[in-house]
Amino acid sequence: MALLTDRPAAAPARRDERAARTLATRFLGYATLVFFGLVFLYPFVIQIGNSLKTEADAAADPLSPFPDPLTLASFERVFAGTNFPLWLGNSLLVTVLVTIGRVFFDSLAGYALARLRFRGRNGLFAAVVAVLAVPGVVLLIPKFLVLNQLGIYNSYAGLVVPLLADAAGVFIMKQFFESIPVSVEEAARIDGASIFRTFWSVVLPMAKPALITLTILSFQSSWNEFPHSLVSVQDPDLFTLPRGLADLVSGSLGSGTQYPLKLGAALLATIPVAIIFVVFQRYFVRDANDGSDKG
Amino acid sequence: MATETLTAAATAPGASPRRRRGGTRSNENLAGWLFVAPVIAILGLFLLLPILMAFWVSLTDWNGQGSPFTGDVPFVGAHNYTRLFTEDGLARRDFMTSIRNNIYYVAIVVPAQTALALGLALVVNNRMLKGKSFFRSAFYFPSVTSSVAISVVFLFLFANSGAVNALLGFFGIDGPEWFADSRGVLHLLFGVVGVDSPPAALTGGGPLGLSWWDWLAGPSVAMISIITLVVWTTSGTFMLMFLAGLQNVPVALDEASTLDGASRWQRFRHVTLPLLRPTTFLVLTLGTIGSWQVFDQVYVMSQGDPAKTTLTPAYLSYRTAFRDFDYGSGAAISFVLFLIIIVLTLIQRRVLAERDTDRPRRGWWRRRVPERS
Numbered sequence: 001m002a003l004l005t006d007r008p009a010a011a012p013a014r015r016d017e018r019a020a021r022t023l024a025t026r027f028l029g030y031a032t033l034v035f036f037g038l039v040f041l042y043p044f045v046i047q048i049g050n051s052l053k054t055e056a057d058a059a060a061d062p063l064s065p066f067p068d069p070l071t072l073a074s075f076e077r078v079f080a081g082t083n084f085p086l087w088l089g090n091s092l093l094v095t096v097l098v099t100i101g102r103v104f105f106d107s108l109a110g111y112a113l114a115r116l117r118f119r120g121r122n123g124l125f126a127a128v129v130a131v132l133a134v135p136g137v138v139l140l141i142p143k144f145l146v147l148n149q150l151g152i153y154n155s156y157a158g159l160v161v162p163l164l165a166d167a168a169g170v171f172i173m174k175q176f177f178e179s180i181p182v183s184v185e186e187a188a189r190i191d192g193a194s195i196f197r198t199f200w201s202v203v204l205p206m207a208k209p210a211l212i213t214l215t216i217l218s219f220q221s222s223w224n225e226f227p228h229s230l231v232s233v234q235d236p237d238l239f240t241l242p243r244g245l246a247d248l249v250s251g252s253l254g255s256g257t258q259y260p261l262k263l264g265a266a267l268l269a270t271i272p273v274a275i276i277f278v279v280f281q282r283y284f285v286r287d288a289n290d291g292s293d294k295g
Numbered sequence: 001m002a003t004e005t006l007t008a009a010a011t012a013p014g015a016s017p018r019r020r021r022g023g024t025r026s027n028e029n030l031a032g033w034l035f036v037a038p039v040i041a042i043l044g045l046f047l048l049l050p051i052l053m054a055f056w057v058s059l060t061d062w063n064g065q066g067s068p069f070t071g072d073v074p075f076v077g078a079h080n081y082t083r084l085f086t087e088d089g090l091a092r093r094d095f096m097t098s099i100r101n102n103i104y105y106v107a108i109v110v111p112a113q114t115a116l117a118l119g120l121a122l123v124v125n126n127r128m129l130k131g132k133s134f135f136r137s138a139f140y141f142p143s144v145t146s147s148v149a150i151s152v153v154f155l156f157l158f159a160n161s162g163a164v165n166a167l168l169g170f171f172g173i174d175g176p177e178w179f180a181d182s183r184g185v186l187h188l189l190f191g192v193v194g195v196d197s198p199p200a201a202l203t204g205g206g207p208l209g210l211s212w213w214d215w216l217a218g219p220s221v222a223m224i225s226i227i228t229l230v231v232w233t234t235s236g237t238f239m240l241m242f243l244a245g246l247q248n249v250p251v252a253l254d255e256a257s258t259l260d261g262a263s264r265w266q267r268f269r270h271v272t273l274p275l276l277r278p279t280t281f282l283v284l285t286l287g288t289i290g291s292w293q294v295f296d297q298v299y300v301m302s303q304g305d306p307a308k309t310t311l312t313p314a315y316l317s318y319r320t321a322f323r324d325f326d327y328g329s330g331a332a333i334s335f336v337l338f339l340i341i342i343v344l345t346l347i348q349r350r351v352l353a354e355r356d357t358d359r360p361r362r363g364w365w366r367r368r369v370p371e372r373s
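The listed protein sequences correspond, in order, to chains D and F.
Going by UniProt numbering, the first sequence opens with residue 1, and the numbers climb by one from there.
Going by UniProt numbering, the second sequence opens with residue 1, and the numbers climb by one from there.
There may be inaccurate statements among the hints.
Here chain D is said to cover these stretches of chain F; the calculated rule only asks that three of the stretch's residues, wherever they fall, bring their Cβ under 8 angstroms from a Cβ of chain D [claimed, not checked]:
hint, stretch
1, 34 to 43
2, 63 to 73
3, 144 to 156
4, 289 to 295
5, 298 to 304
Examples of chain D residues lying across from chain F (beta carbon under 8 angstroms, computed) [what the hints assert, rightly or not]:
hint, residue
6, Leu116
7, Arg117
8, Leu124
9, Gly136
10, Ala165
11, Val203
12, Asn224
13, Leu245
14, Val249
15, Thr270
Treat the hints as calculated values from the structure; they're not laboratory data.
Quick reminder that beta carbons are idealized off the backbone N, C-alpha and C, glycines included.
Please model the complete structure; the sequences and the hints are all you need to start from.
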C-alpha cells in the first residue's frame, strides 16, 4: 500500500486507462463467476425442477427449471411406491451410531497419540498414517470376507461396526490436541484428576472446534457411504439411502425411465447434507484445506 | 469402569511424590493403550485382518460357498495373478481393458480438474470482486454431496433426451446417446482425418492381449460423461487447496511485479505459479490417486458398459467377485490396484517429505493461526 501512495500522481490519461482496465477485469471476473456458478449449481436446479414434473414434461423439456404442470406425484411415489422410508430410517441409524462412535473413539485415540507417553506410541502413529493411504475400494472384497467369517454379514452390526473408527479422524484429533497448550491439563493432573477425567472434562471442552469438524465429517461420510453397504448387506430391509437409490436406478421400476421419481429420491437424500453444509460451511472449508497437510 | 480404576490409582492416598510420579508413568502406559484400544480393534479387525484374508483368497479359487479358509477350497498359487498378465484369455482382456479405460480417465480427469480448480481459485481469490464466498461455496458444494445421488442427476443430464443433449441442440449439435456409445474418442478423431477402419498394422497382436488399435481407442463417449461428472464434483475440493496455497503468495510481491510493468499473464506465469508449485504437486498426486479408485459413479451410471468401455479395475474386481463369484480373481485385481495406488502414494510422500525437511513441519491446526492474522 505504501508503495502506491508514494508514487507521483499518474497522468489523467493513464489513470483513465487504468480505470477502464479495472472495470474490464471486474466485468470479466463477474462473468466468469456467474458462468461457473451456473455450471456448478444449475444441475441442482434442474434436479429440483424435474422432480416436480411429469415424466413426459421432463423428457420433453429437461433444461427448463419450471414444471408444467407442477406435480408432487413423484414424491408421493417415492414415499408410497418405494422403500424410501425404510432406507431413510436405516441411514439415520447408521449415521448417528457411526458419528457418535467416530467422535468418541477417534478423539480418545488422538489424545493418547498426542499426549500420553506409552510404549509403542510412535509405531502406532506410523500405523495410523499408513492406514490413511489404504484406498477404500480395494477393501470391498476383504471387508466382505471378514464380515462373512464373523457371521455379521447382512446385519446392522456389519453395516455399522466397521465404520466406528477411522484413521483420518484419529489423525485430525491428534494434530489438534498437539496444538493446545499442555499447561491446563498439567494443572488438572496435579490437582489429582485421573487421566480419563482430565481428558473428558478438561481437554475435550477445549477441543470443541475439532470435535465439530469431526462430527460434520463423520456425518457427511457415513450419510453418503455407498461401497461399504454394498459389501456388508444384501437384504433390501437393510439398505441405506445411497444403496436404495442405486438399486432404484438400476432396478426395474416398471415402465418408462421414471426420471422425476429418481431425481426426487436423490434430492431428498441430498437435503440433509445440504443443510449441514449451509449451516456449518466454515468447518467444511477448513476440513478441505487440511487435506493439504495430511499428505 | 476404566475411569474408576484410573481415578483410584491416580488419587491413591499416601503415595510419596516420587512414587506417584512413577505411578503416573505406568498409568499413562495403561491409559494410552486403553485409549487407543477401540480404534486398534476396529481398524485391525476390519482393515488389516481382511487384507490378509483377501490375500489368501487371491491365491485360491473360492466361489463364495462356505468358508474360504478350509481345506476344501482349491489353492491355485499365483494363478489368479498370472491370468491377469501372462495368459491370453477373457480375464486378461477384461483386466487390460479396465486398465486402459482408467489410464485415459486419469489422463483427462487429473489435468482437467487441476486446471479448473486453479482457475476457480484465481477468480475467487481476486481482491476486486464481491460475493466471492457465495461462489466459493457454490463451487465446493458438489464435493460434499452423495456420489450416488449426484450420479443419478448426471444420468438424467446425459440421458438421450436429457439436458446436455437439449443444450447441444441449441447449438445445432445432435448429441450422442451417451451411455450407449462405446466409440472411443480417439477413434472418432482418427475418423475425422479419414482413418475409419483400423490400419492392418494396428489390428495385429498388441501388448498384453489387446490390439494396438484397442489401446489407442481413447475414452469412450460413455466414459466422457463419467469424466465430466467427476471433474465437476472434485474441482471444488481442489479449488480450496489452491485457495489455501494462494494465501502464501504475498500481496506485496504481486503489487511490486505490477509496478515493474509485468502483465497479468507474466505475473501468473512467473510469480503465482512458481509459488503454487507445492499445492499443484499435491493436487496432481491426490487427483491421480483418487482417479484410480473410481467406483461409485461406474456402479450407478454404467456398470462397466457399453462394451466394457467404462470398466475400471475397482469396478472389475467388484464384478468379478460378487457377480461372477470368482472371488480369487476379484481379490487379485484388488491387490494389483492396491499396488498401483500404494506406489503413487509412496512417491507422493517421498517428495513431500523431502520438501518438508526444508521447512519445519507444522500441524494443520497451527498453520491456520498465522493465516488469519
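Checked hints:
Given as covered by chain D, the stretch 34 to 43 of chain F passes the check, having 7 residues with a CB less than 8 angstroms from a CB of that chain where 3 are the minimum. Coverage of the stretch 63 to 73 of chain F by chain D holds in this model, with 3 residues showing a Cβ closer than 8 angstroms to a Cβ of that chain against a need of three. Only when three residues or more bring their CB closer than 8 angstroms to a CB of chain D does the claim for the stretch 144 to 156 of chain F stand; here the count is 13, and the claim holds. Requiring three or more residues with a Cβ within less than 8 angstroms of a Cβ of chain D, the coverage given for the stretch 289 to 295 of chain F holds, as 4 such residues are present.
Taking a C-beta to C-beta cut-off of 8 angstroms, the stretch 298 to 304 of chain F contributes 3 residues in contact with chain D, enough for the three needed, and the coverage statement holds. A distance limit of 8 angstroms between C-beta atoms decides the matter here; for D:Leu116 the minimum to chain F is near 4 angstroms, and the interface restraint holds. Hint status for D:Arg117: holds, given a least beta-carbon distance of 5 angstroms to chain F, under 8 angstroms. Hint status for D:Leu124: holds, given a least beta-carbon distance of 6 angstroms to chain F, under 8 angstroms.
Taken as an interface hint, D:Gly136 checks out: its beta carbon lies about 7 angstroms from the nearest beta carbon of chain F, inside 8 angstroms. A cut of 8 angstroms between beta carbons decides the hint on D:Ala165: the least distance to chain F is about 4 angstroms, and the hint holds. Because the beta carbon of D:Val203 sits about 12 angstroms from the nearest beta carbon in chain F, more than 8 angstroms, this interface hint is broken. Annotation: interface hint on D:Asn224 holds; nearest CB of chain F at approximately 4 angstroms, less than 8 angstroms.
Residue-level restraint check for D:Leu245 holds (minimum Cβ-Cβ distance to chain F is 5 angstroms; threshold 8 angstroms). Checking D:Val249 against chain F: minimum C-beta separation of about 6 angstroms stays under 8 angstroms; hint holds. Hint status for D:Thr270: holds, given a least beta-carbon distance of 5 angstroms to chain F, under 8 angstroms.
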